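Peer 1: Once you've looked at the hints, dock chains B, C and D against the given chain A.
Number of protein chains: 4
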Amino acid sequence: MAGNSFGKLFRITTFGESHGAAIGVVIDGFPSGIEINETLINQDLQRRKPGQSKLTTQRKENEEFQILSGVFEGKSLGTPIAVTILNADARSKDYEHLKETFRPSHADFTYEAKYGHRDYRGGGRSSARETAARVVAGAFAKMLLQQVGIEIVAYVSSVADVGATVSDQTVCLADVEKSLVRCPDENASSEMEKRIDSVRKDGDTLGGIVRCVARNVPAGLGEPVFDKLHAELGKAMLSINAVKGFEIGSGFASTKMRGSEHNDVFSSEGGKIITETNNSGGIQGGISNGMNITFNVAFKPVATIMQAQTSVNKDGDEVTLEGKGRHDPCVVPRAVPIVEAMTAIVLADYYLRNKTQQVG
Amino acid sequence: MAGNSFGKLFRITTFGESHGAAIGVVIDGFPSGIEINETLINQDLQRRKPGQSKLTTQRKENEEFQILSGVFEGKSLGTPIAVTILNADARSKDYEHLKETFRPSHADFTYEAKYGHRDYRGGGRSSARETAARVVAGAFAKMLLQQVGIEIVAYVSSVADVGATVSDQTVCLADVEKSLVRCPDENASSEMEKRIDSVRKDGDTLGGIVRCVARNVPAGLGEPVFDKLHAELGKAMLSINAVKGFEIGSGFASTKMRGSEHNDVFSSEGGKIITETNNSGGIQGGISNGMNITFNVAFKPVATIMQAQTSVNKDGDEVTLEGKGRHDPCVVPRAVPIVEAMTAIVLADYYLRNKTQQVG
Amino acid sequence: MAGNSFGKLFRITTFGESHGAAIGVVIDGFPSGIEINETLINQDLQRRKPGQSKLTTQRKENEEFQILSGVFEGKSLGTPIAVTILNADARSKDYEHLKETFRPSHADFTYEAKYGHRDYRGGGRSSARETAARVVAGAFAKMLLQQVGIEIVAYVSSVADVGATVSDQTVCLADVEKSLVRCPDENASSEMEKRIDSVRKDGDTLGGIVRCVARNVPAGLGEPVFDKLHAELGKAMLSINAVKGFEIGSGFASTKMRGSEHNDVFSSEGGKIITETNNSGGIQGGISNGMNITFNVAFKPVATIMQAQTSVNKDGDEVTLEGKGRHDPCVVPRAVPIVEAMTAIVLADYYLRNKTQQVG
Amino acid sequence: MAGNSFGKLFRITTFGESHGAAIGVVIDGFPSGIEINETLINQDLQRRKPGQSKLTTQRKENEEFQILSGVFEGKSLGTPIAVTILNADARSKDYEHLKETFRPSHADFTYEAKYGHRDYRGGGRSSARETAARVVAGAFAKMLLQQVGIEIVAYVSSVADVGATVSDQTVCLADVEKSLVRCPDENASSEMEKRIDSVRKDGDTLGGIVRCVARNVPAGLGEPVFDKLHAELGKAMLSINAVKGFEIGSGFASTKMRGSEHNDVFSSEGGKIITETNNSGGIQGGISNGMNITFNVAFKPVATIMQAQTSVNKDGDEVTLEGKGRHDPCVVPRAVPIVEAMTAIVLADYYLRNKTQQVG
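Protein chains in written order, with this note's numbering: chain A, 1 to 360; chain B, 1001 to 1360; chain C, 2001 to 2360; chain D, 3001 to 3360.
One chain only, chain A, in its complex shape (with noise of 0.2 Å):
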């Protein structure tokens, strides 16, 4: 059973290869009668995309999606909304070292051990290139959360050893997008950007940390007991390229803490039942619980670098591959939006999963 579908009831297929014909994903079920924002798809595309500046590589990918269906007249059907997104043209030739050859902490080793023939161009479906039919699936399920006021916002809370310090209450999306990096505190996106500076000269790579909050979420998403809340925002993350952790609320810190410092105590404030200190994240037994959301996304350095390295070929045999071409030294920035867009569609999904709750 393959597994390029995501969500329950707001249910994405996503499809296609980075050098094949085009990208693209389906949607099926957005409910009918909501506006579609095609500026928010653009935005949130154009964010993702690669080249944005001189701490993202410098390719070019074509940005430009279509929609095919599930829209009429500016609103949404009810029916599935298709929209693909064309390649640029690929030039093949470009990776006829890669056909035998398996690059370091890629996906074409397992790719060819799973499935005997694969697309060697650019990675194929293990692509990040992929994760642009997530960013347009994201921006439809942001549009369904802003009928009930559900809004969300990442940034970047650590490049390497540089960490942050951002407001979860207060952080937003004009603040975020100042920032090269994408970190809305000045001092530590300016480290940060050094940071990435230097190691692109280097050929190299560096790692970080995607913070995300989800505000005005309401109690009650969540499916006990497989399907908390936490443990399907955890899958949506996990599933992205290049991430290697995942914590809600206080996360690993909270093994090292007692129980008593750990529990969040209830309190009332004008009408409203809330915690005083939010270690849970927004989430209890699965459960949102009204809180702030509020979770980390660990990012390795992605494996592709500027540096000359030793490999294997398909029959075992040492090769060496070159450093050449274009890359991120850095992918953590155009993470941001993915993140986003992950965790959009998991609302939306739960959203609507909630309603079947109640009868009548």
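None of these hints come from the bench; they were simulated from the model. The structure displayed is predicted, hence computed values, not measured ones. Incorrect hints may appear among the rest.
Keeping only pairs whose Cα atoms sit at most 25 Å apart, straight-line, the calculated DSS-like set for lysine-lysine is [as the list claims (entries may be wrong)]:
1. C:K2194 / C:K2324
2. D:K3355 / C:K2314
3. C:K2256 / D:K3194
4. B:K1099 / B:K1054
5. A:K355 / B:K1093
Peer 2: Below, chains B, C and D without anything else, positioned relative to chain A:
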């Protein structure tokens, strides 16, 4: 859409409240003709149960299971396997005081918000009692995996700030079980015991990390792009009570590494392609590469403490919750078989999923 | 991927072999706060059970059910509802002769071919005993549908070539239950009885048709394009033992009509849009239109006859099967509550599915 | 939860409105390494398209498909296969008069009731145009089935009250395609032609039955208890536009037979266990038994007629719909490749599902 099922081809559905008549599980998709090892089921249930040592709660639970279907003459039929565990006599009156009150960092408030009507006795469906059903299902998954030589070992790698040093290559069940805290590093184990004993006296609790390694997993398990093997493992772990974080391979530490140090160089060993390091944690592009699968699971300190705490009732009025009764000062040792069980369930499912990749 | 679950949002999983420890069902997705009517469950089980009259087998089955979970203080919790029915003491020896032999038009041969290992006692999993679990689940579905006013009535509309004349508008449970064969047309009922009695004496069996009508179904239930409401009803019915055909509305007869006579003309009645005829059977384009949903289900004569038959054993050698013991000369009357149950399950599921069509 | 996907392991998702930009399908779960036969796709699309003969509508549709993903160097990659067919220029103005009006026995009213907002041009999503996407997916399924020798032939077995006599053993594509009505019985075919031609002149329509046979299906395909093979086939067929009934093997006729005549006696032929008759239609207990799978599908006369009809608009006011433009007097011949396609999709899915039944 409710969330009490897990897995696609090896699919489990658990049911039951902690103080209802019974808990149980139905496993659909267990292949026919596999010999059923009831000793293994019993052994894993014993490892999970409360009251194993002074380090865990002295509460008694019934752990006698009954297989109702799917097994005939000692072998699986290929039909659904239903297993129930009756609950011991519930002293419901012990819980009357929780009828209208929300315990801090428990699921009382969110279940109330979501369902309106809830079983307040011992957490009801949100109780960790439910994980006994997972352990049963996990034992069945282990039986399947044994057919193909896959083995899984989990252990406690840290409690609070006490960490252990353990080899992923050689760690084995026997060594884990020698330790009361299920940490096969003797020095660390003894230090962890002390910490837990000390916090128990304070009526407080501690968290920690469970590390898991799966060995002899063939290359090729994993379903891009959304059902990457580590994404599903992450969801499985995050669905366990008290889990706040998950990391595969190098995990959060990878965010501070350079690509050139993080990349796992391929080489050839006895005709088999291996990687010289294993920052990937045995998974690349979401598909197993034949190396050990390794990951960490972060458990928060459990919320039930033996100290008075402030909270609110349904009406938002402040109440004080007394700390009384029995509690688990640190559930991490008991979580070890649960982590193993969920790992086995994921691997059994993905083993079956991968079989549909080839025709003929 | 095994097939023991049905429905998406109102999702049932049945388990159990006819001569194993128990059969049962888990219902996931039953909304919280609904009052549980155990009398209804019991009543439907009584209508399905063997030995109700001289027209059905005199075999006794235990029909006492136990609700293990999901219900608290008489109301649903929104958590999985597990129900078991213990099997009466199985006299397994009665079935020794079937260990190696395939009964004609039973599932013995195909289960052997598929699973290798099978429970040959009384058909095992393929026994109609399994439908008791469906009847239980159907009673729960009816409880949900009662909240929104939907009602379902099924009845026997033909046995062999004896047909009945019944009004879909007025037929009701009380009238159906007055008849031993569950046919509310008195003359037809009495003729059917005679036929069944006569065939019983021959040790033979008869088939027939169950007709079902669902009233007060709101317009809008159904999920194009694959999950059309009548497609799912068809699957539900065809999954019942001994069913060979399904038709919605005008059904097979429509193939002999002209479009101009078949089309259902719309008109307006008291502000509501209706159709003047109902060849559509209440469903157009796969979606309910607010008219009565009507369909027919064809049951073959059951395969167990009290006559000697030729067959083969595992090795393909010819054997003779004696006709002995007790049998049902016509199961169609007992199929009525099963058809109702599966109808209720589909409608409950589609009712919930339709709730996800609107935001806010 | 929307319903635009079909199948579990061989899973298709179709999209598109008849007068939108494009229709298409994504196939997820198609195994890797299978040679792609574009000629077969094209051939089946040609068999389905309008305007093939004087018996079908003269409307033109674009049938040029484009494979966007999942195929590389002529072979499948194991990744999702997306295929689109652009719609010819839509003359939307032709449909302005249907904006507020509900055509009898079409889906206009029910789509309005369910979705609120609908694409009224040519039926939008409810148009049979969508079945072109199914035919594409069916061609891929046929490629998979060819690997294991399964073949599928469908043909028109009746139009109105004109029936045909055809052998399930020998009927073949070439014979079917010789006939304009796709009925391989020459006499019946010629009579059917006359009837269709006559009704066409009246501006009216006729229905009929498509019969389908699948040969060389191995014993063992089918998933008890809900996903019985014939239950899924039934759902697949009932999801096709204009289908009102489905019967497997002896079907509705079985209701008039006695068990002793209906039972299929087993015997042995060349070491293989067979049944001497095939009332079972090749399926017993929901699992294929190795005999031919045979079933009938009832198509109503299509709703679009060239006669004036009475109906209502959104406000419930009576309106008259003129019969004008082009129409299909009998779609049954064009339904033949659609029935084949859906059969192939079900069998491909169940072939893969059955692979998960054995370990190792």
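Peer 1: Determine for every hint whether it applies to the structure shown.
Peer 2: Consistency of the hints with the structure:
no., hint, verdict
1, C:K2194 / C:K2324, "holds, 22 Å"
2, D:K3355 / C:K2314, "holds, 22 Å"
3, C:K2256 / D:K3194, "holds, 15 Å"
4, B:K1099 / B:K1054, "violated, 30 Å"
5, A:K355 / B:K1093, "violated, 33 Å"
Hints 4, 5 from the earlier list are contradicted by this structure; the remaining hints agree with it.
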